[in-house]
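For what it's worth, the working numbering labels the leading residue of the sequence shown as 10, then goes sequentially.
In case anyone wonders, no lab produced these hints; they're calculated from the structure.
Honestly, I wouldn't trust all of these hints.
[Said to hold, decoys possible] With a straight-line cut-off of 30 angstroms between C-alpha atoms, the simulated DSS-like cross-links for lysine-lysine are: (1) 250 x 310; (2) 310 x 344; (3) 25 x 310.
[As the list claims (entries may be wrong)] Cβ pair distances, simulated, as ranges: (4) 230 x 99: 15 to 23 angstroms; (5) 250 x 178: 41 to 49 angstroms; (6) 133 x 258: 33 to 41 angstroms; (7) 50 x 181: 17 to 25 angstroms; (8) 43 x 102: 48 to 56 angstroms; (9) 95 x 154: 39 to 47 angstroms.
All C-beta atoms in this analysis are idealised placements derived from N, C-alpha and C, irrespective of residue type, glycine included.
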Amino acid sequence: TMALIGEGEAMWRGEKISAMEVPRAAGFEPVELQAKEGLALLNGTQLSAALAIEGLYRLDNLLRTSVVAGAMTVEGLAGSFAPFDERIHEVRGMHGQRRVAQAFRRLLTASDIHSGHADCDRVQDPYSVRCMPQVLGAVWDTLHHCAGVLEIECNAVSDNPLIFGDDVLSGGNFHAEPLGFLCDFMAIAATELGTMAERRIDLLERRINPNLNMFLAREPGLQSGLMIAHVTAAALASENKTLSHPASVDSIPTSAGQEDHVSMAPWAGQKLQNICDNLEHILAIELLAAARAIEAQAPLKATAEIEDIRSVLRNFAPALRGDRRHDIEITAVGKAISRGEFLAPLAAATELDSFTRH
């Protein structure tokens, strides 16, 4: 806002310059504000709404990527497809759960790996695999709620005072509590996605599937495989647990007690972005680990949909041949996740249609 009126300093093409120079560099004159316009720019919920919208866009993508990564892990673990059976989810009736389970069924069709362990004596998989429809479905329901509230807020008047004909009314539409709650809800949901993904990475690395080596190393004992990558995922998941403490439960009075309760929504929105950054890297590590687990079971193959995803992944990270640093490929895969590079098999999955598509 200050840059628009030529006040203060601003970043322009990587350089900090006087804000007075920015409008002219961009081809327009500084804005001259008229009556009440300055207050209108500062007084509403626009910043909080912008952060919440960005968080929704990112989590919309990250939820669907979690389905893809989770399905790859099922194949990497030679896990059961039974937990995704439609009958299980119909009798509970949770909308998001049913949608997520259907998306898993799209990805987990017939495969060599699945057929190859038909006589496996493992009765059921751990919760982080078996309960993905329930947990990811709860995230879907949370985002569905948040999208509805955001649609209302983006079309709302959040200024103060408000003018109705001859009446000037002072109220509280500027209070961003609904947006603070939304960002906190989404932060909790995103943290759960990362917490569950970290647990699946651990399962991939500690031989719940007897066909896999410890830490997915080619030569266990001599090589550490993806052990340190898992440590990274654990650190990021733990960081997110701290970041997801609700900002909206806090408040601090200012302005001589006049502004004695505030939403902390901007901070909730900023924390949400940090959590999404970390979640991208956690899911990148799960994709890398699951791909390695699938490749270790060759010549058996995963479902056609999962094999397509694995092929895309290898454009950003070559197959593991021995010990090497992983930070570059984790970053590359994380950026690919942010671009939606692994979502093609879900493109026709209307049950997980994007909240942001419309």
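To see whether the hints hold, each was checked on the structure:
no.: 1; hint: 250 x 310; in the structure: violated (36 angstroms)
no.: 2; hint: 310 x 344; in the structure: holds (27 angstroms)
no.: 3; hint: 25 x 310; in the structure: violated (53 angstroms)
no.: 4; hint: 230 x 99: 15 to 23 angstroms; in the structure: violated (47 angstroms)
no.: 5; hint: 250 x 178: 41 to 49 angstroms; in the structure: holds (43 angstroms)
no.: 6; hint: 133 x 258: 33 to 41 angstroms; in the structure: holds (37 angstroms)
no.: 7; hint: 50 x 181: 17 to 25 angstroms; in the structure: holds (18 angstroms)
no.: 8; hint: 43 x 102: 48 to 56 angstroms; in the structure: holds (54 angstroms)
no.: 9; hint: 95 x 154: 39 to 47 angstroms; in the structure: violated (24 angstroms)
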